[in-house]
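Peer 1: The chain contents come next:
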Amino acid sequence: MKTFLSGASCAVLATAAVTTIVAVTGIAQAGEFDGITIEAKLIGGQQYEALYARIPEWEAATGAKVDIISKKNHFELDKEFKSDIAARTTDWCVGSNHSSFASQYASLYTDLNGFIGKDVVDEFVQANIKAATFDGKLVMLPRAQFDVSALYYQKDLYEDAARAKAFEAKYGYPLAVPETWAQVKDQAIFFADPPNFYGTQYAGKDEAIVGRYYEMVVAEGGQLFNDDFSPAFNSDAGKRALQWFVDLYDAGAVPAGTTNYLWDDLGNGFASGTIALNLDWPGWAGFFNDPTASKVAGNVGVAPAPKGSAGIRTGWSGFHGFSVTEDCAHKEAAASLVEFLTNENSQKLESSAGPLPSRTAVWDYISEQAKDDPYRAEVLAAFKETAATAFAVPPTSLWIEATNLIYPELQAAILGDKTVDEALADAAEAVDDLMQEEGVY
Amino acid sequence: MKRLKLPPWLVLLLPAILILSAVVLIPLVLSLYSSFTSYRLTRPDSIFNWVGLFNYEKAVTDAKFWAAFGRTVLLLTVALNLEMLLGLGLALMVSKVTHGQRLLRTMMMFPMMFSPILVGFQFKFIFNDNVGLVNNALQSLGITDRAIPWLVDADLAMFSIIFAEVWTATSVFGILILAGLYAIPRDPLEAAKVDGCTSWQSFRYVTLPFLMPFIYIAMAIRSLDVARAYDIVQVMTNGGPARRTELLWTLIGRTGYVDARMGYANAMGYISIFLAIFFTVYFFKKLTKSRKELGMGA
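Chains as they are written, first to last, in the working numbering: chain A, 1 to 441; chain B, 1001 to 1298.
Careful: at least some of the hints might be erroneous.
[Stated by the list, open to error] Keeping only pairs whose Cα atoms sit at most 35 Å apart, straight-line, the calculated DSBU-like set for lysine-lysine is: (1) K65(A) to K331(A); (2) K295(A) to K1124(B); (3) K72(A) to K1064(B); (4) K79(A) to K1064(B); (5) K307(A) to K165(A); (6) K1064(B) to K418(A); (7) K79(A) to K1058(B); (8) K1124(B) to K418(A).
Derived by calculation from the structure, the hints in this document are not laboratory data.
Whole structure, please, built from the sequences with the hints as guidance.
Peer 2: Laid out in C-alpha cells, this is it:
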C-alpha cells in the first residue's frame, strides 16, 4: 500500500511538473536543453527585476542555465555591444535590445523568424514587430516595455474658476486639458511662475530632445528624414516645431536648466509639484500617483498626447526587447528563453507594475484588470489612444549618430546662440555630410 | 645546431620589454594605425579600410574640434592657476598651524579621495537650477529671486566645471607645496630676517623660489590630468548645452564610443596629445630652470 501511495504520489507530482513545464515554456520540452548555459546581457534596474525573477522557472522547465554576465542601462549596454562587435566577443547568447538602438546591430543579432513560430509572432502588436524587423530580419521580440508618451497634468489647475476666467480673458478660449501643442504652449506660459512653478518642461539633450523634436515635426506635418534618409527637417514644419521649444524657453515657462534634463530629472520634477503639464512615459504613472514619492499624488490627470498643427498626434515610441546573437552556440535554447521572457504570462507580470505590453491579448487583459481603478483606467485609456498612432524612430543604423549632430543645434536655438533657421540649416548640413560620408546616398 | 644566445642584459630586460609592448606599444600602434582607417566599432572589417589622412584633415578643418581644443586650453589655464594659488595659500596656512597639523593635512586630502564621477554628480546636484543647493541658498537669503542656470549659461557652465575641478584637485598642489615648505632650509629665511626683510620680501625672494620646483611638478601632473578631463564634465554637462562646455575628450569619447567612429576619434586623440605634450615639456623646462636657479640641477 505504502509503495502504491508512493508511486501514485510520484505520478501525480510528475504530471503536475510536466503541466507546469508546458505552462511555463509553451513549447519547450522538459529537459530539452539539459546542460546548456545561456549567457545573457540584460538591461538592469529595479523595474526589470520582476521579470528576471521568472528565469528560474524556465531553467527548471528546460534544464538549461542562464548566466547574466552584464546588467546595465541601454546607453551603457550600447557601448558594451559595440566593443564586443569590435573585439569579436559576441558568443554570448541573449541581449536586451531597444528599438532606438536595434538598427545599429545588423551583424550582431540573428533573425528570430527561423526560431520563433509565426503564430507566436502574430500574437504581438504588429506595429512593434514591424519596428523590430530590419531588412526582413526579426532582430528582437518585444517585451512588455512599450514606450510612448502621454500628457500628465495637475488636475486642480483646471478646477479653479478664477484661473479659468483669467485664462479665457487672455487667450479667448476656455481653459481645459490641452488637445493641441499650441494650447500646451499657451497654458504653460499662463501657469508659469518661475522659479517656483513652471508650465511644462522637456528633455533637453542627447537622443531625448531629438526624439521630442522628431515627434513634433511629424505632428506639424513634416518628417525628419526623406525616404533616402537625407535630412528633411529644415522645412516649415521643422521650423515651427523648433520654434515651439524656443518660445517656451524664452517665456520662462520651462525650467532654465531644461536643456540639461533627461528622463529622471523630468519625472522627479513633475513629482515635486513644480510642473503643470508634463509629456512623459507610462512607466512614471505609478510613481506620480504614489503619495510616498510624489507631491502631486491624487492630483494627477493623464490625457492622450496633444496634436500638432497638422492634426497629427505626437507619438515617438520605442520598446525594449530581447535578441539572440548570431554567434550563439545554442540559438534554439536562446530563442526559447526570449520567447519565455516575452510570453503572455511574462507580459502580464511586467504590465501589472505599469509598463505597457506589446502583446494584443495582454492589452485586453490589463484593460479588464484596471476597470475598478479609475486612475489606472485613465492612464491606460490615454496611452492606448496615443499608441494607436505612435511611430518608431527612422530605421537607419545612423540614428544615434545623427541625433548627436542634431541635438547641439536644437539646444543652440533654444538658448539663443543661433536662430531657428541657422540651427536647422547647420544641423541639416551636418546630417547630410554624415549620410554622404557613410554612402547612404 | 647552434642555439641563439641572447646577451644577459637583454634577457633580463626582456620581460619588461614584452609587458610594455603588450600594454603600451601595441595599443598605441593599433590606435595610430586605426586613425588612418574608417574604423567603426560596429563594422570590425572597416579597420582594413585605409583612408590615409582623411580623418586628420577632417579634424583639423572642423571648427567644432578647434572650439573644443580652445575650451580645453582655457580650462587648463584657469584651473591650474587657481589650483596653484589656492593650494599655495592652503599650504602656507597649514604650515603655520602648531596643533592638529596632521589632522588638517588628512582633511586637505579628502577631495582627492572622491571618484571624479562622484564629484561630477555632487556638483551637478549643487548647481542644479531647480533643486540645487546654491540656488536654494541664494533664494533663501534673498540674494536672487530667479533660478540661475548654472549648468546652462555660457559663462556659468564653464565656471561650474572649473569650480568642481578646482575643488577636487587643489589639495594636489596643497600637499606638494606643503612638502616643499618642509624642505626649505631655515638659514636663508633667518638671514633674510636679520637683513630686515619684510614678511612679503622673505616670501617673494626666499620661500617662493624654493617652492617653484614643487609647483612645477604639481603643474606638470595636473596639466596631464586636466588635458584629459572627461569624467566630471561628462556627468555635469556632457559637453553641452549647445557645445558650451564641450572639451576634447567629451567630443572624442562621444565620437568613439557612442557614434562608434573609432578611426576618427583616434585621429582627434592623436592631435590632442600634442596639447598634453606641449604643457608637459613647458612645465619640465620651467622646473629645470627653477632648479638651476637654486643650484640644484646641472
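Peer 1: All the hints need checking, so say for each whether the structure fits it.
Peer 2: So, going through the hints one by one against the coordinates:
Proximity of K65(A) to K331(A) is assessed by CA-CA distance (about 14 Å); at most 35 Å being required, the pair is judged to hold. Between K295(A) and K1124(B), the direct Cα distance comes to roughly 23 Å. Compliance with the 35 Å bound is thereby established for this hinted pair. Taken as a hint, the K72(A) and K1064(B) pair is honoured in the structure, with Cα atoms around 31 Å apart against an allowance of 35 Å. At roughly 23 Å between alpha-carbon atoms, K79(A) and K1064(B) fall within 35 Å of each other, so this suggested pair holds.
Proximity of K307(A) to K165(A) is assessed by CA-CA distance (about 24 Å); at most 35 Å being required, the pair is judged to hold. Proposed proximity of K1064(B) and K418(A) is supported: the alpha carbons are some 15 Å apart, at most 35 Å. A threshold of 35 Å between alpha carbons decides the hint, and for K79(A) with K1058(B) the separation of about 24 Å falls inside it, so the pair holds. Among the hinted pairs, K1124(B) with K418(A) is consistent with the structure: their alpha-carbon atoms are about 26 Å apart, no more than 35 Å.
Consistency note: the structure conflicts with none of the earlier hints.
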